[in-house]
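**Student:** One letter stands for each residue in the lines below.
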Amino acid sequence: AQTVTQSQPEMSVQEAETVTLSCTYDTSESDYYLFWYKQPPSRQMILVIRQEAYKQQNATENRFSVNFQKAAKSFSLKISDSQLGDAAMYFCAYRSALAGANSKLTFGKGITLSVRP
Amino acid sequence: DGGITQSPKYLFRKEGQNVTLSCEQNLNHDAMYWYRQDPGQGLRLIYYSQIVNDFQKGDIAEGYSVSREKKESFPLTVTSAQKNPTAFYLCASSIRGDGGEKLFFGSGTQLSVL
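Chains as they are written, first to last, in the numbering used here: chain Y, -18 to 98; chain G, 53 to 166.
Treat each hint with caution, since some may be false.
As the list claims (entries may be wrong) - Away from chain Y, derived, C-beta distances all over 12 Å, residues of chain G: (1) E67; (2) Q69; (3) E76; (4) G94; (5) S117; (6) E121; (7) S125; (8) P127; (9) S146.
To be verified - Using 20 Å as the maximum straight-line C-alpha spacing, the simulated EDC-like pairs for lysine to aspartate or glutamate come out as follows: (10) Y:K36 x G:E153; (11) G:K66 x G:D82; (12) G:K154 x Y:E(-2); (13) Y:K85 x G:E67.
Since the hints were derived computationally from the structure, they do not count as laboratory data.
All values derive from a computational prediction rather than experimental measurement.
Yeah, the Cβ is synthetic: ideal placement off N, Cα and C, and Gly gets one too.
In isolation and in its complexed conformation, chain G is listed as follows (with noise of 0.2 Å):
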C-alpha cells in the first residue's frame, strides 16, 4: 500500500542530545513538508522539500535541521539548539507542491523531553 511512514511513534530526548526524525514515503511525490502541532497552535511549518536536494525553511525552522538526498526520504533532525521540542510532528507530501492539491499526511512521531 502507498503511504507516508513516520518513525518512531513516540521519541525522548535528553538534554543536550540531537534526535532524528523519520518519514519515507513510496507516493512517488515530489514535495515533503514537516509540521509542528502543539496544543491550541494548530500546525506550524517547520522545513519543505518541493525537489530532490533542495528544501526551504517554514515559520519555526530554528533549531531543526532537514535532508533531501533522495526523493523518498525527509528527515528531520531535532537540534539541541530547539530548547521547547516537546510535539507532535507530522510529516507530509504532495504531488508536486503547489495549488490545490491534497496533503498526504503521516501518522506522527510524539517528540518528548526527559
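Isolated chain Y, as found in the complex (with noise of 0.2 Å):
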C-alpha cells in the first residue's frame, strides 16, 4: 500500500519570502501521479499542483513549484513570494496511474502554514 508522509505539522514564513513544503512517499509502483492541494480557513480543498511521475520536469504553476525526486520518493512543494492568502494547510497527494487501478487518492496529515506579515 502507498504511503504519504509529510512530517512537519506546521510551519511558518515571512510575506514575501519563500518557503519549501516537504513530502515524501512510498509506493513499488514506478507510473503513478502527485498533487499537492490547499486548504484555506474556508475548508475548500483547491489544487495547487500536479506532477506526473513519467515526466522528468519539475511542474510549476505561477510562484508554485515542486521539487520531484523519484529516486528519493520526495515531493516538495515551493512557494515564492509568499502571500497573506497562501496561509493555509497543505496536502500532498498521490494516487496510482495503473490501468485498473482504484481511485483511491492518498493524502498525507498536512501542513499548516502560516505567513507573517
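With the hints as a guide, bring both chains together as one complex.
**Tutor:** Here it is in C-alpha cells:
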C-alpha cells in the first residue's frame, strides 16, 4: 500500500519570502501522479499543482513549483513571494497510474502554513 | 455555475441515530468520493463510485453506507454503528476516476455528536 508522509505539522514564513513544504511517499509502482492541495480557513480544498511521475521536468504554476525526486520518493512544494492568502493547510497526495487501479487518492496528514505580515 | 453542493453545512447526531449527508454535482462527472477529515489525520477515503449503481469501499468504510442511483448524487449515511462520527466530511468528484485528473471538492459538512 502507498503511504504519504508530511513530517512537519506546522511552518511559518515571512510575507514575500520563499518557503518549502516537504513530502515523501512510499510506493512500489513506477507510474503515478502526485498532487499538492491547499485548504484555507474556509476548508474548501483547492488543487495547487500536479506532477506526473514519468515526467522529469518539475511542474510549476505561477509562484508554486515542485522539486520532484523520484529516486528519493520526495515531492516538495516551493512557494515563492509568499502572500497572506497562502496561509492554509497543505496536503500532499498520491494516485496510482496503473490501468484498472482503484480511484484512491492517498493524502498525507497535512502541514499548516502561516504567513507573517 | 457548475460545482459540488454538500448539505447541510453543520449536522448533529444523537446516539443511535442514522444521519445522511447530501452530495450533488452538476459537472457531469462519472466518479464521486467521500472523505473524512479529522484534526491531524489528513483525509481518509470512506467510499467512492466510478459509475452509477456501483461503489467501492475505501479505507474506513465501517459504519458508513452510500448509494449511487443517479450520476449527480452520492449521499453518505453515517449509521449508528459508527462510534466516532464527529469529523468534517468532504465530497469530491472527478471526470472518470483515474490517473492525474483533478478532484473537485464540495465545501464540506461538519458532523458532531450530541
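**Student:** Hints first: check each against the structure and report whether it holds.
**Tutor:** We went through each hint and held it up to the structure:
1. E67: Fine: 26 Å to the nearest Cβ keeps E67 of chain G off the interface.
2. Q69: With a cut-off of 12 Å, Q69 of chain G remains clear of chain Y, as the shortest Cβ separation is near 24 Å.
3. E76: 16 Å, holds
4. G94: Non-interface label on G94 of chain G violated, nearest chain Y Cβ at 4 Å vs cutoff 12 Å.
5. S117: Holds, because the least Cβ-Cβ distance between S117 of chain G and chain Y comes to about 19 Å, which exceeds 12 Å.
6. E121: 19 Å, holds
7. S125: Check passes; 18 Å lies beyond 12 Å.
8. P127: 18 Å, holds
9. S146: Per Cβ check, S146 of chain G is inside 12 Å of chain Y; nearest 8 Å; violated.
10. Y:K36 x G:E153: Judged against 20 Å, a Cα distance of about 16 Å means the pair holds.
11. G:K66 x G:D82: Violated, at about 33 Å.
12. G:K154 x Y:E(-2): Given pair K154 of chain G, E(-2) of chain Y is violated - Cα atoms ~28 Å apart, limit 20 Å.
13. Y:K85 x G:E67: 31 Å, violated
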